[in-house]
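Protein chains in written order, with our numbering: chain A, 1 to 151; chain B, 152 to 302; chain C, 303 to 716; chain D, 717 to 1130.
Be aware that one or more of the hints could be misleading.
Below, a list of computed lysine to any residue pairs in the SDA-like style, where the Cα atoms sit at most 25 Å apart [claimed, not checked]:
1. C/Lys610 x C/Ser522
2. C/Lys384 x B/Lys294
3. C/Lys380 x B/Gly264
4. C/Lys331 x A/Glu11
5. D/Lys858 x C/Ala554
6. A/Lys6 x C/Lys712
7. C/Lys712 x A/Met5
Residues on chain C that point at chain D, a partial pick, calculated with CB under 10 Å [said to hold, decoys possible]:
8. Ser361
9. Pro491
10. Ala493
11. Asp563
12. Ile565
13. Ser569
14. Val666
Derived by calculation from the structure, the hints in this document are not laboratory data.
For each residue, glycine too, the CB sits at the ideal point set by N, CA and C.
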Amino acid sequence: MDTRMKHLYQELIIDHNKNPRNFRVMEEFSHESVGNNPLCGDKMILYLKINDENIIEDISFIGDGCAISKASSSMMTTAIKGKSIAQARALFKDFHDMSTGKLDIAEHPHQLGKLAIFAGVRDLPARVKCATLAWHTLDAALKGEQEITTE
Amino acid sequence: MDTRMKHLYQELIIDHNKNPRNFRVMEEFSHESVGNNPLCGDKMILYLKINDENIIEDISFIGDGCAISKASSSMMTTAIKGKSIAQARALFKDFHDMSTGKLDIAEHPHQLGKLAIFAGVRDLPARVKCATLAWHTLDAALKGEQEITTE
Amino acid sequence: MFATQQDHHFDVASIRKDFPILARQIGDKPLVYLDNAASSQMPVQVMDAFAQYHSGYHSNVHRGVHTLSQEATDAFEKVRFKVQRFIGARSEREIVYTSGATDSINLIAQAYGRTFLEKGDEILISNMEHHANIVPWHMLAKEKNLVIRVIPITDEGTLDMDAFDRMLSKNTKVVAVNHVSNALGTINPIAEISRKAHAVGAITVIDGAQAVPHMNVNVSEADCDFYVFSAHKMMGPTGTGVLYGKIEHLEAMPPYRGGGDMILSVSFDTGITYNEVPQKFEAGTPGIAQVIMMGKAIDYMLDIGRDKIQLYENELLEYATNRMRQIDGIRIIGTAPQKASVLSFVLDGIHPHDIGTILDFHGVAVRSGHHCAQPVMERYGIPATTRASFAFYNTRDEVDALVKAIHEVKEVLG
Amino acid sequence: MFATQQDHHFDVASIRKDFPILARQIGDKPLVYLDNAASSQMPVQVMDAFAQYHSGYHSNVHRGVHTLSQEATDAFEKVRFKVQRFIGARSEREIVYTSGATDSINLIAQAYGRTFLEKGDEILISNMEHHANIVPWHMLAKEKNLVIRVIPITDEGTLDMDAFDRMLSKNTKVVAVNHVSNALGTINPIAEISRKAHAVGAITVIDGAQAVPHMNVNVSEADCDFYVFSAHKMMGPTGTGVLYGKIEHLEAMPPYRGGGDMILSVSFDTGITYNEVPQKFEAGTPGIAQVIMMGKAIDYMLDIGRDKIQLYENELLEYATNRMRQIDGIRIIGTAPQKASVLSFVLDGIHPHDIGTILDFHGVAVRSGHHCAQPVMERYGIPATTRASFAFYNTRDEVDALVKAIHEVKEVLG
Ligand SMILES: Cc1ncc(COP(=O)(O)O)c(C=O)c1O
Ligand SMILES: Cc1ncc(COP(=O)(O)O)c(C=O)c1O
Chain A
1 MDTRMKHLYQ
11 ELIIDHNKNP
21 RNFRVMEEFS
31 HESVGNNPLC
41 GDKMILYLKI
51 NDENIIEDIS
61 FIGDGCAISK
71 ASSSMMTTAI
81 KGKSIAQARA
91 LFKDFHDMST
101 GKLDIAEHPH
111 QLGKLAIFAG
121 VRDLPARVKC
131 ATLAWHTLDA
141 ALKGEQEITT
151 E
Chain B
152 MDTRMKHLYQ
162 ELIIDHNKNP
172 RNFRVMEEFS
182 HESVGNNPLC
192 GDKMILYLKI
202 NDENIIEDIS
212 FIGDGCAISK
222 ASSSMMTTAI
232 KGKSIAQARA
242 LFKDFHDMST
252 GKLDIAEHPH
262 QLGKLAIFAG
272 VRDLPARVKC
282 ATLAWHTLDA
292 ALKGEQEITT
302 E
Chain C
303 MFATQQDHHF
313 DVASIRKDFP
323 ILARQIGDKP
333 LVYLDNAASS
343 QMPVQVMDAF
353 AQYHSGYHSN
363 VHRGVHTLSQ
373 EATDAFEKVR
383 FKVQRFIGAR
393 SEREIVYTSG
403 ATDSINLIAQ
413 AYGRTFLEKG
423 DEILISNMEH
433 HANIVPWHML
443 AKEKNLVIRV
453 IPITDEGTLD
463 MDAFDRMLSK
473 NTKVVAVNHV
483 SNALGTINPI
493 AEISRKAHAV
503 GAITVIDGAQ
513 AVPHMNVNVS
523 EADCDFYVFS
533 AHKMMGPTGT
543 GVLYGKIEHL
553 EAMPPYRGGG
563 DMILSVSFDT
573 GITYNEVPQK
583 FEAGTPGIAQ
593 VIMMGKAIDY
603 MLDIGRDKIQ
613 LYENELLEYA
623 TNRMRQIDGI
633 RIIGTAPQKA
643 SVLSFVLDGI
653 HPHDIGTILD
663 FHGVAVRSGH
673 HCAQPVMERY
683 GIPATTRASF
693 AFYNTRDEVD
703 ALVKAIHEVK
713 EVLG
Chain D
717 MFATQQDHHF
727 DVASIRKDFP
737 ILARQIGDKP
747 LVYLDNAASS
757 QMPVQVMDAF
767 AQYHSGYHSN
777 VHRGVHTLSQ
787 EATDAFEKVR
797 FKVQRFIGAR
807 SEREIVYTSG
817 ATDSINLIAQ
827 AYGRTFLEKG
837 DEILISNMEH
847 HANIVPWHML
857 AKEKNLVIRV
867 IPITDEGTLD
877 MDAFDRMLSK
887 NTKVVAVNHV
897 SNALGTINPI
907 AEISRKAHAV
917 GAITVIDGAQ
927 AVPHMNVNVS
937 EADCDFYVFS
947 AHKMMGPTGT
957 GVLYGKIEHL
967 EAMPPYRGGG
977 DMILSVSFDT
987 GITYNEVPQK
997 FEAGTPGIAQ
1007 VIMMGKAIDY
1017 MLDIGRDKIQ
1027 LYENELLEYA
1037 TNRMRQIDGI
1047 RIIGTAPQKA
1057 SVLSFVLDGI
1067 HPHDIGTILD
1077 FHGVAVRSGH
1087 HCAQPVMERY
1097 GIPATTRASF
1107 AFYNTRDEVD
1117 ALVKAIHEVK
1127 EVLG
């Protein structure tokens, strides 16, 4: 199999695509936002329950999307559940910088952990938006925005 | 001197340019028309006095233009003065066909006489209009049109 | 590797040699270019025309008496005659150069539509239009309070002609449909559409962007009022296209863009006089080299033979369709009996963008997305499709490479 | 033959080698190309970019996930950044690709003018505008009942700034002038014009078609609201150009052309959402190869050095002006103290078209006519001029050839 392909479609991504975690509607949420990627026709709804100490107590999402965007959404929810807003924002920044090529994770320290698996999209400009849609939607939700559109 | 140049700017043309014949306003005319070539900024007014037998008794013109258009106007007036409308129209056709390359005067009989001197414009598409402006204006005058514009 | 069987003396191997890009590698795989509906590739004959022009006789057109300007003008204007014959127009004055199909449709919407349509008038478009044949009408409709009505399509992807019949009325003023759908491949019956539109006094605007590269087109026989296409989908350059319009329409329309070449005279005292058709619509310095290359692209296609191209492509499409149908979980979107060049599909549970990316890893260039035809996606209830689109330089081996790569996609993500 | 003295290390001989067309013969004479204001010639470096693109990575931009589409998009978008720096814009989002200066001005007139101007508003243009900066305003003014007022010019051919001051008022909404006049060569004080226009609340539209090839341009320093130019006058391809607009204007403006790429989504149910600036203004497949070539043309000019180009051309213009002045019966039209590249003239009793034709017989390509600036002709009471216009590949020897040929004209027709 092509090495570029192996690099992008790793086991973990494929697993999260097939069995996305936190993939459900949330009835009682404190924040909600809709993310659109019209180029792909992708759409997700992200729900957050944030408590008074600014901790993300619960997070979930629903929607349609490619493997990259679904796996990215799923892994994002597992990564930030239980984190503070500040920590979530810091992760967003690292993730964004990694996928747009601004942060070289081999060279610089980062908090991404397993999320580093998405580094491969850096070389696929048309797919960066797939990996970052969930994160942009999170950012919008935290800012209180109802809907965002990326292209 | 360049042969193409000699071919176009012959003595006769230069003479008619410098001393255009029938170059005057006509007070009492039966037909009048204005010819414009906006590309060149050229403009001429043509006057005709046509009698009851359809003979062009008098013809004159005024206006500004390049050597080719001025000489062509001048030579046209001398060629058709005294001719019938039908003869003038026949000459127009021959002249037009010659200058647009439809009539090869070396091969085919024609009535052009000295006017054949303008055959050289055939190879200069941008100058064809200069040579034919007077003739188009004549044609318009005979049709009763007040003004024409060529480009 | 790229030989074909059954080619009716269609020597695709030697044709492929004219297209240097086809020898390219993507990673370690040979390029399999199946994105021709987005833009076709260019043969060296057309490329050479560019270098010849700029090394030999480039100059601005129309305005000069010097030799280069005459040569450039000559070459530029001769293409008008070529285009005329290529699409069966009655006069070369009916051929307007534009910067592409999109520009052409905007010209019609603005110069014709804004002038002749009035509040309440109806524009019929179809549910399978490219955005280029939707958005200009939408913008016009908003400005002038016009009504846009959408001709539905059947599950197969053909125009619902019964519905069309019912929608036509004395309010219908424009019927704007494509000749071939870029998302479905459907060939629409433009002669019938024009006949019916004319019967209620409407005009037709036919988007031929996907037709001209693949089949014989005769705008006079089909009796369309306007017909548009782009050079870059027919072996020519980007940023150049054609607007065909019946001469009586072009003459009645005001100009679209203002500038040099489209006027006869400008004076602050006496006003502005516009030039004749088609120059009236060609303001400013046109894409001179591009038009000349479009002429070469036409020559190139005519040299091969349009009938031969059509026959070869039809067989290729049939071969591809049959092979694809055998893939488990595939659904072909667009199964009209009359089709050209396009094979759109979805795979159960696999998103088109993943397909596109994985095919690319195998050297296979297809398009994944809505193909600028979102209403088609909405119609079929899908976010996007993957589209393989063929040109006459494609081969059965390339179809096989596509099919093989799709199997790999299923292995990874299925 | 084409060596220059005094060239400040400006190696024109080796520059000329980059332009294959300069080796051409016209009849039996070497081509002396002095029609650069109409369109400049193209160096091989730019031509090669075309062949490289189409042999290597042509594909439609923006919409594809496959490798070719990414490479093409990348190359296409990188030019935006080049253009931004080339003209000193603040952001690459302020750079809109168009099909030329004419297209750019029409875009402004339609998308800005039709939206923001109202009955009675005044548009100031100058008496030395190219038709491209007159006709679009005229068409708009007719439609919307606006008033066009014309800033007069002095006998030298400079803007009458006192008159301009007096004409400015709270009714002034747009001031549209060229940076350099194509008919006179005058360089206009665009920073001062913008400052004064802004003081009354008007915006400026600067036609930079003749400036960009010849001098440093900084739209941010000059604080113009819009700035337009064409690639084909700066060593690039025909049919491509740029609209610079301040981001706040571009964001406030509705789209101009509708089609693919300029929308985010199209639905017959939920409506149409437009894309962001600058894509909002770039409907349809753009001239991809042309934009990439425009980038190469910018590289080419920057490699030589714009200051050096300006210095060299100024000296050449001065040399030409001095030599021409010595010809009996000549009158130079346009004698502003600040000039670029252009030498327009008339000869006593000899029509410009005869001059043009006879110069062509000597291999000298100049333009004769109104140069799409008829109001300038009217202003000077002449039907036309002959215009020699220079690029950095021209030489003093070529000026000498021009002067010699003019003497021949006088011999024949004088
Ligand atoms: C000053 C000026 N403005 C505008 C234009 C129009 O440029 P284009 O024909 O490339 O649109 C020209 C060139 O002819 C020009 O010289
Ligand atoms: C059917 C159809 N119409 C119009 C267009 C627009 O063509 P262009 O982008 O060249 O203007 C396309 C191509 O994208 C198309 O496929």
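Outcome of the hint check:
| no. | hint | verdict |
| --- | --- | --- |
| 1 | C/Lys610 x C/Ser522 | 22 Å, holds |
| 2 | C/Lys384 x B/Lys294 | 35 Å, violated |
| 3 | C/Lys380 x B/Gly264 | 33 Å, violated |
| 4 | C/Lys331 x A/Glu11 | 24 Å, holds |
| 5 | D/Lys858 x C/Ala554 | 18 Å, holds |
| 6 | A/Lys6 x C/Lys712 | 14 Å, holds |
| 7 | C/Lys712 x A/Met5 | 13 Å, holds |
| 8 | Ser361 | 6 Å, holds |
| 9 | Pro491 | 22 Å, violated |
| 10 | Ala493 | 26 Å, violated |
| 11 | Asp563 | 8 Å, holds |
| 12 | Ile565 | 6 Å, holds |
| 13 | Ser569 | 6 Å, holds |
| 14 | Val666 | 8 Å, holds |
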